[in-house]
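Sequence lines, in order, name chains A and B.
Number 60 in our numbering belongs to position 60 of the first sequence; there are no gaps in the numbering.
If you count the second sequence from 1, you need to add 332 to reach our numbering.
Only true hints are included.
Simulated coverage check for chain A against chain B, where a stretch passes if three residues somewhere in it have a Cβ under 8 Å from a Cβ of chain B:
id, stretch
1, 52 to 61
2, 120 to 127
3, 132 to 145
4, 155 to 161
5, 190 to 198
6, 300 to 313
Worth flagging that the hints you see were computed from the coordinates, not collected in a lab.
Since the model is a prediction, treat every value here as computed from it, not as a measurement.
Just so you know, even glycine gets a beta-carbon here, dropped at the ideal spot from N, CA and C.
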Amino acid sequence: MSSKVDSKAKSRFNMTTSNPKYINYTKGMVSSTKHLIIKVFSFIVIIGICYVILAPVIGMVVNSFMSDTDAYNPMVYMIPQNSTLERYRLAWERLNYIPTISRDLLYSGSLMLIQVFVCSMVGYGFARFNFPFKKLLFACVVVMIVIPDHTIMLPIYMTFRNFDPLGLVSLIAGKPINLMSTPVPMYIMTIFGCGVRSGLYIYIFNQFFRGLPKEIEEAALVDGAGTWYTYFRIMLVNAVPSVITVAVFSMVWQYNDTFYSKLFLISEDIVISKKLTTLQATIKNVDKILDTTIQELYLDAGIVLVMLPIIIIYIALQKYFIEGVERSGIVG
Amino acid sequence: MKKKKLTLTKKKIINGYMFILPWFVGFIIFYIRSIVLTAQFSLSELSVGAIGGYELKFVGLENFIYAFREHGTFKQVLTTSVGNIILDIPLIIFFSLFMSMLLNKEFKGRTVVRAIFFLPVILNSSAISGALELSQQMMAGGISAGSGQMIAEGSSTGVDVNYYINLFKDFAMPEAVLDYIVAAVGRINKIITASGVQIVIFIAALQSIPGSMYEVAKIEGATAYETFWRVTFPMVMPHIITNVVYTVIDNFAESEVVTLAYDMAFTSFDYGLSSVFSLVSTVIICLILVLICGFIQKRTFYYN
Numbered sequence: 001m002s003s004k005v006d007s008k009a010k011s012r013f014n015m016t017t018s019n020p021k022y023i024n025y026t027k028g029m030v031s032s033t034k035h036l037i038i039k040v041f042s043f044i045v046i047i048g049i050c051y052v053i054l055a056p057v058i059g060m061v062v063n064s065f066m067s068d069t070d071a072y073n074p075m076v077y078m079i080p081q082n083s084t085l086e087r088y089r090l091a092w093e094r095l096n097y098i099p100t101i102s103r104d105l106l107y108s109g110s111l112m113l114i115q116v117f118v119c120s121m122v123g124y125g126f127a128r129f130n131f132p133f134k135k136l137l138f139a140c141v142v143v144m145i146v147i148p149d150h151t152i153m154l155p156i157y158m159t160f161r162n163f164d165p166l167g168l169v170s171l172i173a174g175k176p177i178n179l180m181s182t183p184v185p186m187y188i189m190t191i192f193g194c195g196v197r198s199g200l201y202i203y204i205f206n207q208f209f210r211g212l213p214k215e216i217e218e219a220a221l222v223d224g225a226g227t228w229y230t231y232f233r234i235m236l237v238n239a240v241p242s243v244i245t246v247a248v249f250s251m252v253w254q255y256n257d258t259f260y261s262k263l264f265l266i267s268e269d270i271v272i273s274k275k276l277t278t279l280q281a282t283i284k285n286v287d288k289i290l291d292t293t294i295q296e297l298y299l300d301a302g303i304v305l306v307m308l309p310i311i312i313i314y315i316a317l318q319k320y321f322i323e324g325v326e327r328s329g330i331v332g
Numbered sequence: 333m334k335k336k337k338l339t340l341t342k343k344k345i346i347n348g349y350m351f352i353l354p355w356f357v358g359f360i361i362f363y364i365r366s367i368v369l370t371a372q373f374s375l376s377e378l379s380v381g382a383i384g385g386y387e388l389k390f391v392g393l394e395n396f397i398y399a400f401r402e403h404g405t406f407k408q409v410l411t412t413s414v415g416n417i418i419l420d421i422p423l424i425i426f427f428s429l430f431m432s433m434l435l436n437k438e439f440k441g442r443t444v445v446r447a448i449f450f451l452p453v454i455l456n457s458s459a460i461s462g463a464l465e466l467s468q469q470m471m472a473g474g475i476s477a478g479s480g481q482m483i484a485e486g487s488s489t490g491v492d493v494n495y496y497i498n499l500f501k502d503f504a505m506p507e508a509v510l511d512y513i514v515a516a517v518g519r520i521n522k523i524i525t526a527s528g529v530q531i532v533i534f535i536a537a538l539q540s541i542p543g544s545m546y547e548v549a550k551i552e553g554a555t556a557y558e559t560f561w562r563v564t565f566p567m568v569m570p571h572i573i574t575n576v577v578y579t580v581i582d583n584f585a586e587s588e589v590v591t592l593a594y595d596m597a598f599t600s601f602d603y604g605l606s607s608v609f610s611l612v613s614t615v616i617i618c619l620i621l622v623l624i625c626g627f628i629q630k631r632t633f634y635y636n
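Extracted from the complex, chain B is given alone in its bound form:
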């Protein structure tokens, strides 16, 4: 055959498509089609037929109206889930940045400590985590058994939290800030277990900062505080976006809205409403992601 032979670039193009083909097919079938179908379900009433097929009856925005106007818990669950995620983002990001700076230093037993910090990522199974929480409460003295209960019971543990809260109130500290801090202390256990991957990402980011930058900062007489805000923080800034995305996705997958959507589909068999729940929550989460990432992106400094 003396046909025109394929050039190397063309061959490469074909090979490239060959490599990604299985994923591409899967993506079209399982993602694109599913998203379209979910949107369709949310606009219709779905009834499962006798032989296992299903029929769709177009009802317009009825499901949406029902979800927002009449459904008992949807709005409440949605707002708490989203609120919790927003509340957690800064806490997790700053905690993991702080911890990664501690763990980045050389000290004995560093690998062991890092392994322990990564442990929650390994043990995050919904079957296990429930029992872990229970066990946490039984180990009295753990922090999580603390704040919430302590505030409720007052001085049972010997420390009167209310006294301190009142003290700070007397210092004219805004109540909203105080509430946020108290809530943060109450969540410390959740925050620690949720920041395993983030810590590792930040450690990698810290190690990629050239040492010469710190030398320059030191020679120029920068204090540790200045070095952090002028060198370390801008350099890890790009990774904050990665971490925010990871945090939001991870938290969202375990939030109550998801459980509600699942229950609605498989215990109440109301598929249309379930689609509305998942669709609405996903759109909100995506909006939040875009907003936050856009906000950070504007202030991010890219070294390369």
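For reference, chain A alone in the conformation it holds in the complex:
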């Protein structure tokens, strides 16, 4: 809102300054050429940097369509001469694409729901209630963002390797159970608000809820709504922009995450980005394609397949993504 008003005011201001009535004619000439130069310069810079970002993506898509002869033909650049879908066919088969990706989407999706639920609750608690040690506890959230995952990876690995909370498991089963190579540890960590980048999401929700007017809750309280009712039916509904931001972020980062899936030895059949890391070796050893250049073409096709859902989500929700960070986000 405010930015709109600002830009309007700015444009009105520019109108008056660039109006020949107000300024010297020659001076106007100079400033307009200067503006033109600046415009051209910034245009070039933006296009150039966009190219730097997009080039590898374009290159990968192009490569994934190349046939063997194209890969070795130095004349072929950007547009393959004999395009082929062979790379996709084999990558599709070796990734076991549809089953794996649906499992992965289910896994990341369910974690995303938990993440949104827990983090919004914690963020709301910090934003709206006053309690002793609040500042200290919120500092702990910041600590959580700052501390790199690998500092705590060993103890977490040990904890889930011999999972025995309060001695309950060994009481029932006789010995601690091993939760490695299942997705359970990831779920447990996420439920307790310590999943992939949870600290950041708590921070985002906290910022957003603090920005909402207090009157909404007071009205709800006067009308007889309890705290939890207010939270679920009123506040969460109002927080849709930040919910979408966090949802998309957590979905994408969960999908991309290889650190935790490597740490917990989660099966490749659930985490497709992990399967991707072994694709080249599979193609080398199983399909006996020993030429590295050709192997890379298959890898490119696999990456395009894996990236596809993320890109679709991103394009569909691109607006929320950036605006969410801008408005509700990290900016305090």
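Start from chain A and add chain B according to the hints.
Same frame as chain A, now just chain B:
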């Protein structure tokens, strides 16, 4: 029951604790306990028992001494990782500030351009990024394929970089500065991909500056240069800290020390040494963060 009823404030306190309870439990279990355990591991020799449990044997500072005196690559990897992060901070901050100022202007296709700039954040998966780099190199003509190779090969691309470097040397430009600039050009690809979030944060910061400030500056006859240093820069200063923190954390998570610590734990199964690596690197990074933030904080101007 005619007991003393809870007051509204007390009720609110309890509710507040209820809301943050799940996170608090998780924080205690997964963070506080883990940090304590990591510290403990680093001081002991850990052997995994038969049924999956582990035993700790206290060895004092032996692991630390080994890491610094005897381990082959630790010191080297640590210094390069930390050095790279320090080198990258100013580059990323200034690049993203510059880009956010360009992107903050109204022009056609702004949303598309912003979406493209944010793309690297979406695609930052270790599985993907390796292949992306490879593809970058194949797209000859991209900048990253440039400087490093060009310097090595001389005039193969038609531009003799060495000539220009010598030219600047003749202008008595200090060699250290020159090296830094050449390194910066070589890293441009990394810097661009690492500054997606920072650009968005700066754009938000720029938009929160009241337009009246620029009007005043213009009426008072300030040039664009003065306006930037006297209005824009002080106003975005608070967000520089946010960006520095984000940059450091993000870079650190992908640095080589982390990989080394991971490999040490899960391929060499030397948990004590791995804890030493992670602990030492984390402490160093935290120190750097505190130093930089303290340094910036002193010079920061808070509008509100």
